[in-house]
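A.B. asks: Make the full structure from the sequences, and use the hints.
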Amino acid sequence: MKRACLTVLCAFSLSFAADEAGLPVLTTEDLVNDAVSQSAMDVNDRSMERLRAVYEARVPELKRLFKLDESRMKLLRVAVEGTQELQMQSVRGSILRDMEDRTKNADPRTLNKFLLGINSTWSGSSADAAKLWKAVIKQVLTEDEVKRLNEVEQARKVYRERAIALLLQAIVKERVGLSVVQAEKLKPLLTKAVADYLPDLLQYFNSGERSIYSQYIPMMALGVKEADVKAVLADDAKWEAWKGLPGQYADTWEYVKKQHDRRVEQEKKGAKP
Amino acid sequence: MRLPVMTRLFSPLLLSGLLLVPLLGQESAWETAFRAYWRGSVAAFTASAERQYADMVGDVGSYLKLGKDRLAVMLNETDPLVQANVEFTKTAYAMTFRERGDKVMLTSDYGSLQENRLHPSLVRERLAVTQRWTEWLRARLKPDEMSLWEKECEKRRARLLEAIPAALVKRVESSTETVVALWRLELDQWVTDAGVRDSAKEAGEQALMQAEKEFRLGFRRLMDRALPENMAKPEYYLSSYLEGAEKRQSFFPTVPGMRKLVKETNQRFAAALVGLMNDAERTKLAKSQAALAKRLDLICKNMLDKRKVQHAEASNKQVEAQLSRVVTVLGLSQKMKEEMKRRLKEMEDVAIKRYTEKTYPYVRERVAQELKEKEREKQLKLMEEGSYWYDNAVERTRLMGATYKAWETVQVEFLTVEQRQLWADSEQKAQDFLAEMWAVLAVSEMDAAVRLNPQQRTDLEREVRVVTQQVAKLNESVDEMLRYNSLEMMLCFFCGLPPGTLVKLLDEDQWKLWKVKSSQAESYWSSIKAKLEALQKREAQ
Numbered sequence: 259m260k261r262a263c264l265t266v267l268c269a270f271s272l273s274f275a276a277d278e279a280g281l282p283v284l285t286t287e288d289l290v291n292d293a294v295s296q297s298a299m300d301v302n303d304r305s306m307e308r309l310r311a312v313y314e315a316r317v318p319e320l321k322r323l324f325k326l327d328e329s330r331m332k333l334l335r336v337a338v339e340g341t342q343e344l345q346m347q348s349v350r351g352s353i354l355r356d357m358e359d360r361t362k363n364a365d366p367r368t369l370n371k372f373l374l375g376i377n378s379t380w381s382g383s384s385a386d387a388a389k390l391w392k393a394v395i396k397q398v399l400t401e402d403e404v405k406r407l408n409e410v411e412q413a414r415k416v417y418r419e420r421a422i423a424l425l426l427q428a429i430v431k432e433r434v435g436l437s438v439v440q441a442e443k444l445k446p447l448l449t450k451a452v453a454d455y456l457p458d459l460l461q462y463f464n465s466g467e468r469s470i471y472s473q474y475i476p477m478m479a480l481g482v483k484e485a486d487v488k489a490v491l492a493d494d495a496k497w498e499a500w501k502g503l504p505g506q507y508a509d510t511w512e513y514v515k516k517q518h519d520r521r522v523e524q525e526k527k528g529a530k531p
Numbered sequence: 237m238r239l240p241v242m243t244r245l246f247s248p249l250l251l252s253g254l255l256l257v258p259l260l261g262q263e264s265a266w267e268t269a270f271r272a273y274w275r276g277s278v279a280a281f282t283a284s285a286e287r288q289y290a291d292m293v294g295d296v297g298s299y300l301k302l303g304k305d306r307l308a309v310m311l312n313e314t315d316p317l318v319q320a321n322v323e324f325t326k327t328a329y330a331m332t333f334r335e336r337g338d339k340v341m342l343t344s345d346y347g348s349l350q351e352n353r354l355h356p357s358l359v360r361e362r363l364a365v366t367q368r369w370t371e372w373l374r375a376r377l378k379p380d381e382m383s384l385w386e387k388e389c390e391k392r393r394a395r396l397l398e399a400i401p402a403a404l405v406k407r408v409e410s411s412t413e414t415v416v417a418l419w420r421l422e423l424d425q426w427v428t429d430a431g432v433r434d435s436a437k438e439a440g441e442q443a444l445m446q447a448e449k450e451f452r453l454g455f456r457r458l459m460d461r462a463l464p465e466n467m468a469k470p471e472y473y474l475s476s477y478l479e480g481a482e483k484r485q486s487f488f489p490t491v492p493g494m495r496k497l498v499k500e501t502n503q504r505f506a507a508a509l510v511g512l513m514n515d516a517e518r519t520k521l522a523k524s525q526a527a528l529a530k531r532l533d534l535i536c537k538n539m540l541d542k543r544k545v546q547h548a549e550a551s552n553k554q555v556e557a558q559l560s561r562v563v564t565v566l567g568l569s570q571k572m573k574e575e576m577k578r579r580l581k582e583m584e585d586v587a588i589k590r591y592t593e594k595t596y597p598y599v600r601e602r603v604a605q606e607l608k609e610k611e612r613e614k615q616l617k618l619m620e621e622g623s624y625w626y627d628n629a630v631e632r633t634r635l636m637g638a639t640y641k642a643w644e645t646v647q648v649e650f651l652t653v654e655q656r657q658l659w660a661d662s663e664q665k666a667q668d669f670l671a672e673m674w675a676v677l678a679v680s681e682m683d684a685a686v687r688l689n690p691q692q693r694t695d696l697e698r699e700v701r702v703v704t705q706q707v708a709k710l711n712e713s714v715d716e717m718l719r720y721n722s723l724e725m726m727l728c729f730f731c732g733l734p735p736g737t738l739v740k741l742l743d744e745d746q747w748k749l750w751k752v753k754s755s756q757a758e759s760y761w762s763s764i765k766a767k768l769e770a771l772q773k774r775e776a777q
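These protein sequences, in sequence, are chains A and B. So for the first sequence, the numbering used here puts the first residue at 259; every next one is plus one. So for the second sequence, the numbering used here puts the first residue at 237; every next one is plus one.
Any given hint might turn out to be false.
For the chain A half of the interface with chain B, some residues (derived, Cβ under 7 Å), not all of them [stated by the list, open to error]:
{"#": "1", "residue": "315"}
{"#": "2", "residue": "319"}
{"#": "3", "residue": "413"}
{"#": "4", "residue": "414"}
{"#": "5", "residue": "418"}
{"#": "6", "residue": "420"}
{"#": "7", "residue": "424"}
{"#": "8", "residue": "428"}
{"#": "9", "residue": "429"}
{"#": "10", "residue": "432"}
{"#": "11", "residue": "437"}
{"#": "12", "residue": "472"}
{"#": "13", "residue": "505"}
{"#": "14", "residue": "508"}
Pair by pair, the computed Cβ-Cβ distance ranges are [as the list claims (entries may be wrong)]:
{"#": "15", "chain 1": "B", "residue 1": "453", "chain 2": "A", "residue 2": "347", "range": "53 to 61 Å"}
{"#": "16", "chain 1": "B", "residue 1": "363", "chain 2": "A", "residue 2": "328", "range": "49 to 57 Å"}
{"#": "17", "chain 1": "B", "residue 1": "313", "chain 2": "A", "residue 2": "321", "range": "28 to 36 Å"}
{"#": "18", "chain 1": "B", "residue 1": "578", "chain 2": "A", "residue 2": "454", "range": "41 to 49 Å"}
{"#": "19", "chain 1": "B", "residue 1": "647", "chain 2": "A", "residue 2": "321", "range": "32 to 40 Å"}
Simulated pairs of lysine-lysine, DSS-like, Cα-Cα distance not exceeding 25 Å [to be verified]:
{"#": "20", "chain 1": "B", "residue 1": "709", "chain 2": "A", "residue 2": "445"}
{"#": "21", "chain 1": "B", "residue 1": "553", "chain 2": "A", "residue 2": "501"}
{"#": "22", "chain 1": "A", "residue 1": "496", "chain 2": "B", "residue 2": "665"}
{"#": "23", "chain 1": "A", "residue 1": "321", "chain 2": "B", "residue 2": "748"}
{"#": "24", "chain 1": "A", "residue 1": "496", "chain 2": "B", "residue 2": "751"}
{"#": "25", "chain 1": "B", "residue 1": "748", "chain 2": "A", "residue 2": "325"}
{"#": "26", "chain 1": "A", "residue 1": "443", "chain 2": "B", "residue 2": "577"}
{"#": "27", "chain 1": "B", "residue 1": "304", "chain 2": "A", "residue 2": "325"}
{"#": "28", "chain 1": "B", "residue 1": "665", "chain 2": "A", "residue 2": "450"}
{"#": "29", "chain 1": "A", "residue 1": "321", "chain 2": "B", "residue 2": "751"}
{"#": "30", "chain 1": "B", "residue 1": "553", "chain 2": "B", "residue 2": "577"}
{"#": "31", "chain 1": "A", "residue 1": "415", "chain 2": "B", "residue 2": "751"}
To be clear, the hints were calculated from the coordinates, so they are not data collected in a lab. Predicted model, so just to flag it, every value in this text is computed and none were measured. Cβ coordinates follow ideal geometry from the N, Cα and C atoms, glycine included.
C.D. replies: So this is what it looks like as structure tokens:
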């Protein structure tokens, strides 16, 4: 990384000299791209593998479920490479946007500091990768196979929801201090809240079906209707504790709720003839 | 290898002595200390041996491409190997305690514990452990597989022998550098504390150079002597040595006698410095040391106070949560709740007093040791600011155990038999719920990582439920269990399954994907496992 920053710093100093001499000027984009490339090389093994693993882990399941000949397997392997590349592009894009804001008026030393920090700012959207994967799946599998795969994914989603719903019940019970009877009454309501809001929470993190952090789970309790909760709790202190479940993520909850309402609205419209 | 005559004569005597003393009922201080240490550590040694043999079997399996079914069977049969290895470790460690007497064990002593696994008097036992592994393997592999494996081991040995000379030189140099850095610190501190004359300072530098020379020569000699023993270790060590020697040009075998060498050279160096001082300098040094001791006393007291406050906060939180649950479930009055709380506090105070008395000397020695190894003033400042502190893990576990016991006592003192039953039933239900939740979360995480089929989800949930049922007994809050925030941490529960279970239930691709995640999961599991073992011990009592 040190080597990368030295290169970048030299390039940065050169850009001033080049400007005066009327030569092509290195832009922030060039500098950032260079630093990201170096950084990607430095952390290649770890980060690229991490991005790759997201889709690579799906291939063995497809091999298990369907008889895939070598040509279909080859396409899947290429798709895995593609998803990795798209995610990398997204990472580069997000760093570039971030850097452009931060480096507008930065002197070389500050810029160096930002570039040194690139390693710790690796994040990007997986939406394009997901799109690519979906398209390749459609191309590689027959219609029946896609249907079968959807069933498998649906069963996985149901199991995931069961897990998260149980966790939500446990957290609510502990933090609100529910009695056994209250916990039993709220169980179906919390389960439904998870089924309703989990897709939107996952969407918020752009994370497909995994990588959810536990601190965001409690907010989904607020998906239960206020009147239903109050009917069970009948205790002001507990109601206050309930309202405070999102903790410092109240804004995130507002966003997730809006997303959810918008999605439901769109689904309703789509369902109309 | 030829053993010195005296060692060969005394070896059986020493071992029989170790075994006979408890039978005669005259337990010495070191035996008491060792028994306590072993009770607290046997689980960790067992886990480490389990991991070691699982890795060794995995190594053989992947080299010979044995397939997951055979691997599962083999992994299930490592128990006798593990037990023999742990027994051997016990004998070696008992020796160290015998050598140390009843002195407090320091972190630096654990290195000498390791060294004793290579003690010359234990050569027969050590070879038996290695031999046992070879026989075990021979009984499970086909002759052609065994022969292939032996050839591979020979190749590895040959590669290691080739890589050793360069790595050895580097190791001697890096260790010498470390030791000399410590002496340099000692020398600088001595110059400041005693305010020595320039001529004495100059002579001190000469003494340091002499100590460096002695250490380098002595260490090289020890390394040469230790090499054959290290090379005779099982393949597991060879592979890791080979990796170290080839990839990092470094080589870290166990070197018996290294600590003794450091100690002796250290003593000679310290004695040389003492001899260089005049009376005035000696007096000044004594004064400086007395002032330092005072400062250290205060630091240690503050360290312990902080620890106690921290413990009290955590314990109060737990007590409050438990009492609230009892009050809700049994419909007890607030007055009774307060009474129970007061009684709990009373017992807690006694336990904390004991903890302080037992922990202070330990912390004091650790702090003194720390100052010898690092830049003194900087460390003192850090410690005074409370940037870090020491604790005695054994006493801390005991303190936690006392909190648990106090809770049991309070139940007996305040609740009727029927109430206790009602409470126990309610707690059981809560635990069952938690066990189900942890198990389903764990399987869901495994599903995301390796993509399970429905049957695998069912099978894994059933298996891991046995583990989470135990975890639920810990009575830890959900928030505490989720302190790392990532749900991926739930994968750690699979590390509590009997060896061979996962390899049997997953297919080969899934097994590979799991192995990528398993080391992180192992590290989470180790802390939960330690708590489970403490709980089991309490229950057994």
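A.B. asks: So, against the hints stated earlier in the document, which numbers end up violated here?
C.D. replies: Failing hints, ascending: 13, 14, 19, 24, 26.
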